[in-house]
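Peer 1: Chains as they are written, first to last, in the working numbering: chain A, 15 to 428; chain B, 15 to 428.
It is worth saying that the hints were derived from the structure and are not from the lab. Accuracy of the hints is not assured; some may be wrong.
Which copy? The list can't say, so a pair holds if one copy fits it or any two copies do.
Stated by the list, open to error - Think about it this way: if two alpha-carbon atoms lie no more than 30 angstroms apart in a straight line, the pair counts; the simulated DSS-like pairs of lysine-lysine are:
id, residue 1, residue 2
1, Lys121, Lys244
2, Lys131, Lys380
3, Lys128, Lys268
4, Lys116, Lys194
5, Lys204, Lys51
6, Lys193, Lys148
The model shown is predicted, which means the values in this text are computed figures rather than measured ones.
Number of protein chains: 2
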Amino acid sequence: MSPYIVILSTGSELTAGRSVDTNSGWIANQLFELGWKVKKFITLPDDPKLILSELQSLQSLAKETPVLAIMTGGLGPTEDDYTLETVLKLTGKTSYSVEKAKLRLTKIYESRGKEYKDILPSVFRQTFVPEGCKTLDNSVGIAVGFIETIGEKSHLVCMPGVPSEMTEMFKRRLVPELKKLYPRENLHQKTKWLWNIGESLFQNDFIEPNRDEFFQEAEWGVTANRGYIKCIFQSTNETLLSTIIQRLEDTYPKIISDDVFQFVHEQLLKEKLTISVAESCTGGLLGKKLTEQPGSSSYFIGGFLTYSNEMKSNLLGIPMETINTYGAVSEEVARAMVDGLCRKTGTDFGISITGIAGPEGGSPEKPVGTVCIGIREPNGNISVHRYLFPGNRESIRENASNTALFLVYQSFKN
Amino acid sequence: MSPYIVILSTGSELTAGRSVDTNSGWIANQLFELGWKVKKFITLPDDPKLILSELQSLQSLAKETPVLAIMTGGLGPTEDDYTLETVLKLTGKTSYSVEKAKLRLTKIYESRGKEYKDILPSVFRQTFVPEGCKTLDNSVGIAVGFIETIGEKSHLVCMPGVPSEMTEMFKRRLVPELKKLYPRENLHQKTKWLWNIGESLFQNDFIEPNRDEFFQEAEWGVTANRGYIKCIFQSTNETLLSTIIQRLEDTYPKIISDDVFQFVHEQLLKEKLTISVAESCTGGLLGKKLTEQPGSSSYFIGGFLTYSNEMKSNLLGIPMETINTYGAVSEEVARAMVDGLCRKTGTDFGISITGIAGPEGGSPEKPVGTVCIGIREPNGNISVHRYLFPGNRESIRENASNTALFLVYQSFKN
Numbered sequence: 015m016s017p018y019i020v021i022l023s024t025g026s027e028l029t030a031g032r033s034v035d036t037n038s039g040w041i042a043n044q045l046f047e048l049g050w051k052v053k054k055f056i057t058l059p060d061d062p063k064l065i066l067s068e069l070q071s072l073q074s075l076a077k078e079t080p081v082l083a084i085m086t087g088g089l090g091p092t093e094d095d096y097t098l099e100t101v102l103k104l105t106g107k108t109s110y111s112v113e114k115a116k117l118r119l120t121k122i123y124e125s126r127g128k129e130y131k132d133i134l135p136s137v138f139r140q141t142f143v144p145e146g147c148k149t150l151d152n153s154v155g156i157a158v159g160f161i162e163t164i165g166e167k168s169h170l171v172c173m174p175g176v177p178s179e180m181t182e183m184f185k186r187r188l189v190p191e192l193k194k195l196y197p198r199e200n201l202h203q204k205t206k207w208l209w210n211i212g213e214s215l216f217q218n219d220f221i222e223p224n225r226d227e228f229f230q231e232a233e234w235g236v237t238a239n240r241g242y243i244k245c246i247f248q249s250t251n252e253t254l255l256s257t258i259i260q261r262l263e264d265t266y267p268k269i270i271s272d273d274v275f276q277f278v279h280e281q282l283l284k285e286k287l288t289i290s291v292a293e294s295c296t297g298g299l300l301g302k303k304l305t306e307q308p309g310s311s312s313y314f315i316g317g318f319l320t321y322s323n324e325m326k327s328n329l330l331g332i333p334m335e336t337i338n339t340y341g342a343v344s345e346e347v348a349r350a351m352v353d354g355l356c357r358k359t360g361t362d363f364g365i366s367i368t369g370i371a372g373p374e375g376g377s378p379e380k381p382v383g384t385v386c387i388g389i390r391e392p393n394g395n396i397s398v399h400r401y402l403f404p405g406n407r408e409s410i411r412e413n414a415s416n417t418a419l420f421l422v423y424q425s426f427k428n
Numbered sequence: 015m016s017p018y019i020v021i022l023s024t025g026s027e028l029t030a031g032r033s034v035d036t037n038s039g040w041i042a043n044q045l046f047e048l049g050w051k052v053k054k055f056i057t058l059p060d061d062p063k064l065i066l067s068e069l070q071s072l073q074s075l076a077k078e079t080p081v082l083a084i085m086t087g088g089l090g091p092t093e094d095d096y097t098l099e100t101v102l103k104l105t106g107k108t109s110y111s112v113e114k115a116k117l118r119l120t121k122i123y124e125s126r127g128k129e130y131k132d133i134l135p136s137v138f139r140q141t142f143v144p145e146g147c148k149t150l151d152n153s154v155g156i157a158v159g160f161i162e163t164i165g166e167k168s169h170l171v172c173m174p175g176v177p178s179e180m181t182e183m184f185k186r187r188l189v190p191e192l193k194k195l196y197p198r199e200n201l202h203q204k205t206k207w208l209w210n211i212g213e214s215l216f217q218n219d220f221i222e223p224n225r226d227e228f229f230q231e232a233e234w235g236v237t238a239n240r241g242y243i244k245c246i247f248q249s250t251n252e253t254l255l256s257t258i259i260q261r262l263e264d265t266y267p268k269i270i271s272d273d274v275f276q277f278v279h280e281q282l283l284k285e286k287l288t289i290s291v292a293e294s295c296t297g298g299l300l301g302k303k304l305t306e307q308p309g310s311s312s313y314f315i316g317g318f319l320t321y322s323n324e325m326k327s328n329l330l331g332i333p334m335e336t337i338n339t340y341g342a343v344s345e346e347v348a349r350a351m352v353d354g355l356c357r358k359t360g361t362d363f364g365i366s367i368t369g370i371a372g373p374e375g376g377s378p379e380k381p382v383g384t385v386c387i388g389i390r391e392p393n394g395n396i397s398v399h400r401y402l403f404p405g406n407r408e409s410i411r412e413n414a415s416n417t418a419l420f421l422v423y424q425s426f427k428n
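If we strip away everything but chain A, and leave its shape as in the complex, we get (with noise of 0.2 angstroms):
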């Protein structure tokens, strides 16, 4: 049987609305993926009356039903970070220092200079966890995790609010202890991404016409990304999964992807190819998706922003009179922009962009978010899309750069 799943998230920076909170939708995607749904979030300040009154709503319903709480933030080292303290008022019990998290402290705050070592007694206090908890490491900042028994099957784990330290926490750590404390029946998953596709449209076009062959034993989720959709489904049943990802393929043949960041990474490693950027309207923000993953300079190597006409002339050599003829957002200037780059920098791949990200510069031939994407192969064949994106600028300029991930791994999959 699941448990009551809530998550807790504390923050005064959250409830003032200086900071979104992004912490409780991740761990819900991620508890979703696990089979499991969640019944509640709530956040709250940096308020020991208010945490502590919620706790004790959470171990009386513990007397109900199974909970469990997963709560983030309040671990940190100043005097509004009060997790610790509320829970120890909760349980009654008293707190210990861990040995290990206090060793590594001390050793990082030594390598920051004097001011931080002055400070070190007063941050000593992230190392403390409550007696007989099960401790969870952090291995990317300071503050121990721990998981807490609420009540029968009924747990309260609190991680650290920093998303970095939390999420590293959640997956390597506690994932494992969530699977032995709440086991559960074998779920399976597929993930599948779909390409400049509305969401009301694919429950439109392949929910509805399957739902009573397939999603009587399935669950399926949409998650709506800037250029796609990732479509899960999830089954106990391992063979009407692989029905489902089938008649999804017939269905999509020709904007069905897998993970296209991963799945590029791994390939340009692996057949050891590189690959080289032309970015206008975009700015940088395909070189950033590129080299976001480390070990990323095996297959990049750079490229030109180009945002002036000047500098696409300049850079890339492309004359003046074609960016005049046809205007800088014209699939010919993505033909030579991309063409003019790999004479440059020799790469097998290259890719070009140049767009109206807006919210000005439209016009009726060319409304805002007409968007020409470039490809050079690695046989040397260049091909050119013309787009248009829907959104305001930052959603444009996610737009393109993702599509042109995607038309990399199209290239690899034909």
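Using the hints, position chain B against chain A.
Peer 2: Relative to the frame of chain A, chain B by itself:
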């Protein structure tokens, strides 16, 4: 007296982590600027039982203290929109259709053609509100918002979940009502940024020593970001606020700034100056940041992504000897990069970034996080700054790009 404020958002896409709730934070931020603090955010799936039970808790709480609950979502036309139904159950009232909204909806749907006209009856429910409540017109979409009384000085506000509809309704319709329902004194606010300083150090060095003098009559809050912390101060006493800012400037003369992104954008436009970039470890992130604002094409002309040493040498004319002698991540190479850059582009400002974003590639002399940033100012001066940024790959790249913009800010200020 301020009410106990709760923000409630509903939507199964939120609790499954497929979509991030930006409404609650936005509302909290607006309320914070009006001088109100939010006690709690709650997010629930589209489950009428869970929603009703939460509203009943709020109704009970309202017997003890004035409550203001602001709820978004669940007012749409589909079967999983439960807000109105749940509120009617809570109060035992009936509902009626707001005539003005009904006429508006009919006009909009009729203009969209036959298939929309046919489904018109099924969407009328969006025009219904509880009898006797205060209605909130929707000038962007269709669903009508409302304010229901749930106890003495206690109110439940229901608004649509679509951000563009909600924000417009909040600002135009709700704020005037709130000011009538909960009158209070005028609050002033000032924000400053501090660079490359941790939150705990700031609290130790500034808040603690000034607590008695300043923070009995003023509120403070800190948002930590990559490279900077944003410090917000609020008070009804405007003179006190100016004194606090003056003390802050005296304490941190070298690392204080206003909103760097906005300032750099406006100043480049105003002084008609141009800028270009040469990025290594950030892979395009700085260019992306410089082109986030519409109108950036007036000053950002482009740049070079020189990820590999060959690109640094070929595109920017840096002798391979310099790279081999000092290493690609060095003050010498950062200087040669920005010098080569501005020779090629002829811009007023030039920025170069070269660093070790990790997780591999660090050494005892140059650990992961070492970043050298070169800046060429309009007067031709070149300076190079070396940093050791904390965190993971993403964090180091964000830090480096933000700090580069801070250097431009400082150049303008000096």
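Peer 1: Against the structure shown, which of the earlier numbered hints fail to hold, in ascending order?
Peer 2: none
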